[in-house]
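There are 2 protein chains.
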Amino acid sequence: MAVTEQTTREKTAMNGAQALMRTLVDGGVEVCFSNPGTSEMHFVAALDDEPKMRAVLALFEGVATGAADGYARIAGKPAATLLHLGPGLGNGLANLHNARKGKVPVVNIVGDHAGYHAQYDAQLQSDIETVARNVSPWLRRSETTADVARDTAEAVAASQGPPGQVATLILPADASWGDGGQPAAPVTPPAPPVASADVIDGVARAVRAGERTAILLGGRALREPGLVAAAKVAAATGVKLYAETFPTRIERGAGLPTIERIAYLAELASVQLTGLDHLVLVDAKAPVSFFAYPGKKSYLVPDGCTVHELASPSDDAIGSLDALVEKIGAGGAGPALQPLARPERPTGELTADKVCQAVGAVLPENAIISDESQTSGVTLAAQTAGAPRHDVLTLTGGSIGQGLPVAVGAAIAAPDRPVLALEADGSAMYTIQALWTAAREQLDITTVILNNSSYSILNIELQRVGVQGGPGEKAKSQLDLAGPDLDFVALGQGMGVPSVRVETCEQLIAELERAFAEPGPHLIECGVPSVYSGLRLKAMPYALRALGSLPTPVARAIKRKMYP
Amino acid sequence: MAVTEQTTREKTAMNGAQALMRTLVDGGVEVCFSNPGTSEMHFVAALDDEPKMRAVLALFEGVATGAADGYARIAGKPAATLLHLGPGLGNGLANLHNARKGKVPVVNIVGDHAGYHAQYDAQLQSDIETVARNVSPWLRRSETTADVARDTAEAVAASQGPPGQVATLILPADASWGDGGQPAAPVTPPAPPVASADVIDGVARAVRAGERTAILLGGRALREPGLVAAAKVAAATGVKLYAETFPTRIERGAGLPTIERIAYLAELASVQLTGLDHLVLVDAKAPVSFFAYPGKKSYLVPDGCTVHELASPSDDAIGSLDALVEKIGAGGAGPALQPLARPERPTGELTADKVCQAVGAVLPENAIISDESQTSGVTLAAQTAGAPRHDVLTLTGGSIGQGLPVAVGAAIAAPDRPVLALEADGSAMYTIQALWTAAREQLDITTVILNNSSYSILNIELQRVGVQGGPGEKAKSQLDLAGPDLDFVALGQGMGVPSVRVETCEQLIAELERAFAEPGPHLIECGVPSVYSGLRLKAMPYALRALGSLPTPVARAIKRKMYP
Numbered sequence: 000m001a002v003t004e005q006t007t008r009e010k011t012a013m014n015g016a017q018a019l020m021r022t023l024v025d026g027g028v029e030v031c032f033s034n035p036g037t038s039e040m041h042f043v044a045a046l047d048d049e050p051k052m053r054a055v056l057a058l059f060e061g062v063a064t065g066a067a068d069g070y071a072r073i074a075g076k077p078a079a080t081l082l083h084l085g086p087g088l089g090n091g092l093a094n095l096h097n098a099r100k101g102k103v104p105v106v107n108i109v110g111d112h113a114g115y116h117a118q119y120d121a122q123l124q125s126d127i128e129t130v131a132r133n134v135s136p137w138l139r140r141s142e143t144t145a146d147v148a149r150d151t152a153e154a155v156a157a158s159q160g161p162p163g164q165v166a167t168l169i170l171p172a173d174a175s176w177g178d179g180g181q182p183a184a185p186v187t188p189p190a191p192p193v194a195s196a197d198v199i200d201g202v203a204r205a206v207r208a209g210e211r212t213a214i215l216l217g218g219r220a221l222r223e224p225g226l227v228a229a230a231k232v233a234a235a236t237g238v239k240l241y242a243e244t245f246p247t248r249i250e251r252g253a254g255l256p257t258i259e260r261i262a263y264l265a266e267l268a269s270v271q272l273t274g275l276d277h278l279v280l281v282d283a284k285a286p287v288s289f290f291a292y293p294g295k296k297s298y299l300v301p302d303g304c305t306v307h308e309l310a311s312p313s314d315d316a317i318g319s320l321d322a323l324v325e326k327i328g329a330g331g332a333g334p335a336l337q338p339l340a341r342p343e344r345p346t347g348e349l350t351a352d353k354v355c356q357a358v359g360a361v362l363p364e365n366a367i368i369s370d371e372s373q374t375s376g377v378t379l380a381a382q383t384a385g386a387p388r389h390d391v392l393t394l395t396g397g398s399i400g401q402g403l404p405v406a407v408g409a410a411i412a413a414p415d416r417p418v419l420a421l422e423a424d425g426s427a428m429y430t431i432q433a434l435w436t437a438a439r440e441q442l443d444i445t446t447v448i449l450n451n452s453s454y455s456i457l458n459i460e461l462q463r464v465g466v467q468g469g470p471g472e473k474a475k476s477q478l479d480l481a482g483p484d485l486d487f488v489a490l491g492q493g494m495g496v497p498s499v500r501v502e503t504c505e506q507l508i509a510e511l512e513r514a515f516a517e518p519g520p521h522l523i524e525c526g527v528p529s530v531y532s533g534l535r536l537k538a539m540p541y542a543l544r545a546l547g548s549l550p551t552p553v554a555r556a557i558k559r560k561m562y563p
Numbered sequence: 000m001a002v003t004e005q006t007t008r009e010k011t012a013m014n015g016a017q018a019l020m021r022t023l024v025d026g027g028v029e030v031c032f033s034n035p036g037t038s039e040m041h042f043v044a045a046l047d048d049e050p051k052m053r054a055v056l057a058l059f060e061g062v063a064t065g066a067a068d069g070y071a072r073i074a075g076k077p078a079a080t081l082l083h084l085g086p087g088l089g090n091g092l093a094n095l096h097n098a099r100k101g102k103v104p105v106v107n108i109v110g111d112h113a114g115y116h117a118q119y120d121a122q123l124q125s126d127i128e129t130v131a132r133n134v135s136p137w138l139r140r141s142e143t144t145a146d147v148a149r150d151t152a153e154a155v156a157a158s159q160g161p162p163g164q165v166a167t168l169i170l171p172a173d174a175s176w177g178d179g180g181q182p183a184a185p186v187t188p189p190a191p192p193v194a195s196a197d198v199i200d201g202v203a204r205a206v207r208a209g210e211r212t213a214i215l216l217g218g219r220a221l222r223e224p225g226l227v228a229a230a231k232v233a234a235a236t237g238v239k240l241y242a243e244t245f246p247t248r249i250e251r252g253a254g255l256p257t258i259e260r261i262a263y264l265a266e267l268a269s270v271q272l273t274g275l276d277h278l279v280l281v282d283a284k285a286p287v288s289f290f291a292y293p294g295k296k297s298y299l300v301p302d303g304c305t306v307h308e309l310a311s312p313s314d315d316a317i318g319s320l321d322a323l324v325e326k327i328g329a330g331g332a333g334p335a336l337q338p339l340a341r342p343e344r345p346t347g348e349l350t351a352d353k354v355c356q357a358v359g360a361v362l363p364e365n366a367i368i369s370d371e372s373q374t375s376g377v378t379l380a381a382q383t384a385g386a387p388r389h390d391v392l393t394l395t396g397g398s399i400g401q402g403l404p405v406a407v408g409a410a411i412a413a414p415d416r417p418v419l420a421l422e423a424d425g426s427a428m429y430t431i432q433a434l435w436t437a438a439r440e441q442l443d444i445t446t447v448i449l450n451n452s453s454y455s456i457l458n459i460e461l462q463r464v465g466v467q468g469g470p471g472e473k474a475k476s477q478l479d480l481a482g483p484d485l486d487f488v489a490l491g492q493g494m495g496v497p498s499v500r501v502e503t504c505e506q507l508i509a510e511l512e513r514a515f516a517e518p519g520p521h522l523i524e525c526g527v528p529s530v531y532s533g534l535r536l537k538a539m540p541y542a543l544r545a546l547g548s549l550p551t552p553v554a555r556a557i558k559r560k561m562y563p
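Line by line, the protein sequences are chains E and X.
If you read the first sequence in numbering that gives the first Met the number 0, its first letter stands for residue 0, the second for the next number, and so on.
If you read the second sequence in numbering that gives the first Met the number 0, its first letter stands for residue 0, the second for the next number, and so on.
Source of the hints: derived by calculation from the structure; they are not laboratory data.
Every clue listed holds true.
Here are the computed lysine-lysine pairs in the DSSO-like style, where the Cα-Cα straight-line distance is at most 27 Å: (1) K239(X) <-> K295(X); (2) K475(E) <-> K51(X); (3) K473(E) <-> K51(X); (4) K473(X) <-> K76(E); (5) K51(E) <-> K473(X).
Here are some of the chain E residues that sit facing chain X, going by a computed Cβ distance under 7 Å: (6) M40; (7) A121; (8) V464; (9) A489.
Positions of the beta carbon are idealized from the N, C-alpha and C atoms, including for glycine.
Modelling step: build the complete structure from the supplied sequences, incorporating the hints.
Structure below.
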């Protein structure tokens with residue numbers, strides 16, 4: 000039956016777009032997040048030739064690219080995008096940047112004018128390649144219809160690396176509409192290698208040396224197999240485990256090893272790393288400051304600490320960890336696992352911490368959290384550490400406007416799992432159009448907006464960069480999102496998402512439980528005070544300790560370090 | 000007094016950001032449209048050192064860049080942007096593309112990490128230059144504090160061309176925060192040259208030859224001096240005048256020469272150009288098809304037509320036209336001027352044409368129209384031809400999502416003029432965040448949303464690109480914006496703009512008059528049927544004739560040409 004069907008299909012004459020579509024599907028790419036234009040109309044028409052291809056329309060390209068990122072993080076395979084020439088790619092660039100930094104596979108298809116049309120410099124003509132190079136190490140233009148399918152198959156393979164990457168295929172309209180397309184067979188990406196015996200020996204010596212050693216896990220090492228293997232090493236040797244600051248996907252909660260993340264603030268990260276003799280990297284890079292600050296170090300590894308790389312992002316992180324476990328004889332070690340331990344249900348007035356607490360209290364089993372809660376989410380990790388097992392997807396490239404689109408992609412990749420998007424007000428507004436796609440596709444996403452009416456992070460950054468004398472009125476207005484206040488209930492309803500604003504923790508919990516129980520998208524707006532409002536930098540460690548994000552000894556150490 | 004103040008100011012020690020700010024203001028750049036981040040905090044702090052600098056916050060970078068474009072079109076001088084690293088530039092790229100195509104001056108300031116921080120490949124590190132090259136012929140990175148002010152002065156000059164352009168200055172954080180900044184004196188951009196005597200002689204022969212000749216005006220030639228000069232040539236010689244399809248800024252209405260625009264659809268533009276022996280370009284390019292279509296020509300100038308360039312975009316278009324007028328002795332010719340002739344007030348159910356008619360009926364004196372009404376605005380030019388004098392700003396680069404931001408910039412440039420943004424539903428959603436800035440700044444913008452619940456233009460483009468057998472369900476869903484319907488009243492109110500939906504022409508007119516009379520922003524949503532809904536391509540010329548966009552003989556000619 001399948002053979003007959005395929006034979007029949009292959010006999011049909013195809014244009015380039017149809018051959019591309021078949022090649023995508025045969026290569027396992029079954030979702031396309033799109034915002035097409037005229038030059039992509041043959042691609043659009045070809046959607047109906049492939050029952051396996053799901054096309055998800057976005058009203059803005061940043062939604063499409065962010066959704067492709069979120070999809071791949073959960074599905075473990077790429078989706079395609081469909082963007083309209085250079086400006087469409089520009090609109091999608093910020094979330095492709097996040098995908099690039101997260102090493103997420105994306106087959107990024109950018110339509111272009113017919114090749115012969117470029118010479119006329121029509122309105123939408125621009126240099127697509129120059130933009131694409133910013134995010135896409137693999138970049139190809141299909142010059143002819145005959146090239147399209149082979150280029151597509153190679154793009155699908157290239158996107159999967161290792162490591163995963165954005166692979167951009169520029170598709171001229173005439174290559175797309177031309178006759179004589181032939182689908183191409185899938186190309187298998189190379190398998191990532193396990194660390195060499197020498198590397199494993201070196202790391203084994205470091206973890207058994209009895210010195211102060213930490214293993215920093217990132218990338219694929221933050222899923223259960225990597226966490227368990229690393230926790231066995233920790234149980235056998237006493238080394239400390241850290242996770243990178245912004246994991247692409249981290250599995251956590253009850254039944255899994257708990258792992259402390261390196262803090263966003265360099266002042267705190269430095270304390271976490273203080274005194275280390277060895278730092279072992281597993282699909283992670285040595286910690287650096289997110290931004291540069293006058294008079295402060297960018298590279299956060301302490302002087303005298305030896306850095307070992309067990310597995311680069313191109314290596315087999317799990318295989319390498321397993322080899323380390325075997326080498327040190329830790330196979331029988333019992334890793335420390337997190338028990339189920341939800342926080343109590345918060346009551347009374349909302350604060351950012353109480354929103355995080357409420358999430359920890361009611362998070363359903365097997366949820367996916369898209370976390371772009373920024374300063375308001377500072378206690379999220381602590382409040383959800385003992386929640387039922389879940390995945391967290393974070394802001395891998397620092398370009399805000401990722402959380403809502405990533406939630407869309409994750410929900411499409413896992414229609415049977417509840418998705419919770421925790422979203423700051425400022426970040427939400429870059430890609431607020433994602434709500435419409437969630438409504439159109441009736442995705443099971445609960446969006447919680449933590450609205451503190453400011454770019455709160457910038458209030459603290461203004462102090463950190465050493466602006467003299469405090470900001471003036473015009474500077475402060477650049478960080479302030481009040482006047483007018485954003486009404487996210489109206490915005491959500493305007494795009495077809497049932498939306499509600501809550502004023503108390505009790506209301507929040509009731510709405511969370513309702514949203515998790517009902518299918519389809521929901522939005523819950525929480526007005527919360529700014530975590531840092533009224534605080535000066537010097538007070539931060541106390542505030543953070545009080546908020547439970549770091550253990551008290553660490554907060555004391557920070558205090559000693561920062562205010563000797 | 001001024002001298003004393005300047006002396007005092009110069010004695011103050013400055014950092015790079017403060018020197019930059021002073022240099023901008025001294026160069027006449029007095030508005031900055033911004034969406035800053037940590038690496039821009041010293042720039043933000045420096046805002047308070049310059050009382051003449053107005054900082055306008057956008058929630059999304061595409062609003063900032065589009066507003067800078069709209070500002071410059073009306074102010075006749077550049078504004079600055081302030082964007083946050085490569086992803087922020089990406090978000091702003093589409094509207095910078097539109098500014099580039101419109102030859103609009105923009106001083107595009109992109110913050111970056113401190114120079115020494117780049118090596119650590121932190122989350123937001125990316126290759127900013129490669130993105131900027133897509134839109135910015137002038138591109139410079141200020142490596143040190145000492146360079147910042149000189150680079151800024153040169154960027155301000157470069158942006159003004161001729162022709163106007165996007166000039167991108169990359170500002171590393173350490174150049175910004177470093178001490179020892181010194182403001183730089185303004186740099187005067189070169190004056191554009193008038194056409195040579197040879198060129199003027201050649202054009203003079205063409206317009207007096209008695210053959211079929213048209214003058215195509217674009218760029219700066221579409222303001223009153225250029226229109227009047229060209230209309231004198233037409234009055235003296237009988238040549239036909241055309242305007243480019245997407246003018247950056249065109250002055251029109253009662254008291255000015257009326258000029259027919261080259262149609263967007265190549266099928267119609269070809270008819271407009273049929274039979275020409277000479278085409279004279281004045282700050283315009285020879286017409287080409289917006290997109291390529293299978294089997295159709297991209298270059299629309301008829302075979303055998305001689306193209307003359309009186310003034311390139313780098314030349315003095317007005318001076319060259321004046322020289323032509325003098326050469327042919329047309330100085331005393333009486334140009335045909337448009338009398339005041341408003342359409343009647345429409346009544347009953349809304350259609351796209353009736354919305355355009357209502358605009359023609361009630362448009363206030365001296366208005367600015369930001370036109371991104373797409374298919375729904377097909378009769379706008381005809382319905383407003385005899386309205387009181389006004390400016391129209393159009394989609395110069397074809398990248399939708401320009402209209403609302405351009406309206407923001409125009410309103411800031413001309414606070415005493417009413418601004419009308421005519422906006423299609425699909426286009427509005429790319430940069431809907433512009434409404435928040437309009438509300439925050441209490442700009443006098445009346446936004447009319449023409450909501451036909453579809454990417455209507457793509458329905459016709461699907462036919463034009465020759466998709467076989469008609470689109471399937473999945474293809475059609477990619478063009479359809481219903482399910483869920485966008486509620487622009489909710490979206491506007493969610494961002495602080497008083498918003499209303501109207502169902503009849505009477506309601507529309509009442510709300511337009513109220514909005515024009517009251518200060519501050521207003522939004523009026525009009526549900527309209529798709530202009531092309533239910534029409535096949537073959538019916539278009541009839542539809543267009545009926546809608547009054549082209550004179551009937553032209554529609555007959557189109558019919559003969561398309562269906563011989």
